[in-house]
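These are the residues of each chain, in order.
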Amino acid sequence: MLTTWLIFMPMVGALLIWFLPLRSLVQAGGLALLVILAELALWVGAAANFDYGAAGLQYETTSVWFEQLGVSYKVGLYDFSLWLAGLTIGVSVAAIAYGLWVGRERPRAYFGLMLFLAGATIGVFSAQDLLVFYAFFEAMLIPLYVLIGIWGGPNARAATIKFVVYTMVGSLLMLVAIVAFGLQKGTFDLTQIGTSDSLAIFLGFAIAFAIKAPVWPFHGWLPDAYREAPAEVSAMLSGVVSKTAAYGFLFIAISHFPGPTEDMRDVILTLASIGLVYGALLAFRQPDFRGVVSYSSLSQMCLIVIGLFAVNDSGLNGGLLQMVNHGLISAALFLLAGCVERRTATGDMALLGGMAKGRPILATVLIVVGVIALAVPGSSAFAGEFLVLNGVFDRGWGWAVVGAVAIVLAAMYMLRAISAALHEEQGPAVHDRQRDLRPAELGAILPLVAVLLFLSFWPAGITDHSFDNQPADAVSTQFESP
Amino acid sequence: MIDTPTIDWAGLSPYLVLVVGIAAIMLAAVFVRGPARNAAGAVLALATLAGAAAAAIVLYTKDETPRGLIADALVRDRLADLTHVILCVTGILVVLTFFRERDSVERRGDSYALVLSAIGGMAFFIAANNLITLFLGLEWFSISLYILCAITVDRSAALESGLKYLIVGSFGSGILLFGSALVFGATGEVSFSAIAEASPSADTALLVTGLAMLIVGLGFKASAAPFHQWTPDVYEGAPSPISALMAAATKVAALVLMLRFLTTAFPEDAELWTITLSVLVCVSLAWGNLGALAQRNVKRILAYSSISHAGFLLMPIAAGNELGGTALLFYLIPYAALSVGAFAIVTLRERELRQPVTLEGMAGLGWERPFHGAAMAVFMLGFIGLPPTGIFIGKFYAFSALYERGWVWLMIIGAVFTAVSIAYYLGIVRAVYSRPSRLALAPAGGSPPRDLALDVAIVAALVVGVGTFFAVDPLVNVIEDAVSSLPYPF
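Chains as they are written, first to last, in my numbering: chain Z, 1484 to 1965; chain L, 883 to 1372.
Hint data in this document are derived by calculation from the structure and do not stem from the laboratory.
Careful: at least some of the hints might be erroneous.
A partial selection of chain Z residues facing chain L, derived with a Cβ cut-off under 10 Å [to be verified]:
#, residue
1, F1549
2, E1550
3, Q1551
4, R1589
5, L1614
6, Y1617
7, G1632
8, I1633
9, R1640
10, I1644
11, V1647
12, V1648
13, L1658
14, A1663
15, V1750
So these bits of chain L aren't anywhere near chain Z, every CB distance computed over 12 Å [unchecked claim]:
#, residue
16, A892
17, M908
18, T947
19, I952
20, S1062
21, L1088
22, E1150
23, N1179
24, G1248
25, A1259
26, K1277
27, V1345
For glycine and all other residues, C-beta sits at the position ideal for the given N, C-alpha and C.
Generate the whole structure from the sequences, applying the supplied hints.
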């Protein structure tokens, strides 16, 4: 029941915002913030009462949707999906708070859609039936389309069409795969459906997730969408929505298709390695701050996929930890990019520079996040990347070498972006009267940074409380009992 | 003493209610004058349709065994009853949409009578049990629609639409009739089940040619490509509520009859007609979706969308299995609701702007009228097949039926063209939520008064369109009972 609450509380909040006669930004945005904070409290309760020692699904709800084809509304949380749901809620809190502070136009539509997006994303992380999973996966698309299209930048139109068509092509192929998989097995219930050796069905799923993540070469939609979306929507998109794809790889493609995963491992690892290096190189050459974050996001998603497809304890743990890390990092970076853009009206690094002078808080926060992002030893991202590389090393040392090179590249692009914004000569777009981070902005971003620092001290907070501590066994038994 | 067939009056009750309703409306139009005439006609039409639907529901619940009516010329089974309910509810939504149509109030009595007549013809058509009643039903509803298209005689576009539909439609009917003649020539039978029995010993060339021509004739009515050329022009010119009637109800009638006719009369040639239909699916999907991309007029976009949906709806018939029957009926329900809803929004905008509604004309609707804008967005997203609308489930069922048949390739084609369709459906959503252009289309004569009837139709369309996403199980149970009586070849 609790999971159902987690999914539908934001959606009901969205309906309330749409139908109540709220007059102002503060009312609509305030209500949205209240709802998502209540959601956060609910999640904290769920995490506190979660039985980490027990394998299998918890907070489960099942009710028949239509019996003829064996489809039911079944939701619940595993230990690892609990963390991803928490990530979703945390990033949503930050994004909604930031949106309220910025004061988006047409607030009722805007905040309703943000809440709807949060609910649908939690739905993806908790669905235990293929069709329910698919419905939530598609439901994320609608609010994103509108949020980017209406509140986005000047080229938002082209960006949204590209984004939607790309993802829909993938997800429709996934629908074909779902129908085939479910009818073959006679049920769509993921806890009972078992495994399959069909390469075609596996590819139907894998391509959909590869587009959504994105994995090279399916990333064509990414730079435009991330650049044109409002900062906080980019934060949701890259921080949370992309994680649904990584989660899909882990939860459906890898665990239910062990044979094809084995067969396709080299292909997928190759593509992801190319994407890892390619994204990092492009991030290094981007002219604008958001471009850097966008392509680094491509690179990081490829790294997560590499970790997952190692399919061993270290790789899976690393992939999961890195999902949470990257979600927090990229959300924080996009929000910071938004803060910078609001002050200077540009993200063009040629026009920025010298912002650290007189703005100590902005400089400190940006540097802290940046340093974690480049995986400095001791940071949570370091822990995640180390586990990923350690895991994939077992599958061939070559993959690990590529990964290590990419980490060096990450340091290059991150430091370049930080210094281009904060240090060097004062750029033409920067003036002394532009203020430091305001308390509200800090209030949105700082919690994300705090969680990152916390995970830096205690990455085991996640890795020791996931997959019932035996990732490879959990995946091979479809998370039921090792 | 002439031997007369026994007539099952109870089984005929839905038709009788409709026919009596038509007469009542015509009489009311004679006796009631002025503005009350419109209200009287509408109320009578709604009551008649509700009565016919109620009669069909009673028949559905009371009697599960199929039986012939009037010497087996018609068949009464649960499939017919369920389809009658769908047609009547669609008719109710259309009447509500039509209520405040500004033109030709003088002829309003005739309009409602003709809408009922069209619905009645379709109801007759889908219950046809031999080639003669099939053709009679087809002509009955087609002639009503020809007139309805041109009912606003002061608009040349409407006249053009009616004339085009008349010519092309008659051509289609002609082909269908010719095909019937060939099938009769080959088998010596007119009754569907007798054709099935006689076909193994029949002249194959004659029979197959006849079958092909019958499929072409039905394809015309279902506006499946390549027999769709009339659709965009006719939908564009006809009064929008009538376009809604054609998009929703005609499609229901043509496709349900196609399912009944092909499975009952041609089980021997199932391989042949399923493959033929799968070709029609591909052509309809390609033509409808690609054609829609080039349009600016919203009614033309909806017309092409209806062509592409003909493709999706033919999929389950092409699958030729019982799951396909369930899929077809399930898909038709949200599809009909969304179609009427979308045309209702266009109707509303048309009355406001007093000119054909283009994408530019939709601009700003979402902000000026949040409810109507949001409804239009839901209808368009529903047509794509996104949750939470019933078409999502309909597509899922259609794909499942194809998978059971083993036609994964057709599923993939369906998926690809769904992706293409996103571009124009989202184009409408974008138009609804974009700002009005600088050449702002000022509403002529101020905003129209609130149209409660039309709003009710839109709400009902939303309720059906979204409700079918959630209440799948009860609906599927009803549909399964209805479609299980047909002899599926696969």
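Results of checking the hints against the structure:
no. : hint  : result
1   : F1549 : holds (4 Å)
2   : E1550 : holds (6 Å)
3   : Q1551 : holds (5 Å)
4   : R1589 : holds (8 Å)
5   : L1614 : holds (7 Å)
6   : Y1617 : holds (8 Å)
7   : G1632 : holds (6 Å)
8   : I1633 : holds (6 Å)
9   : R1640 : holds (7 Å)
10  : I1644 : holds (7 Å)
11  : V1647 : holds (6 Å)
12  : V1648 : holds (6 Å)
13  : L1658 : holds (6 Å)
14  : A1663 : holds (6 Å)
15  : V1750 : violated (21 Å)
16  : A892  : holds (31 Å)
17  : M908  : holds (43 Å)
18  : T947  : holds (23 Å)
19  : I952  : holds (35 Å)
20  : S1062 : holds (36 Å)
21  : L1088 : holds (39 Å)
22  : E1150 : holds (28 Å)
23  : N1179 : holds (20 Å)
24  : G1248 : violated (9 Å)
25  : A1259 : violated (8 Å)
26  : K1277 : violated (8 Å)
27  : V1345 : holds (15 Å)
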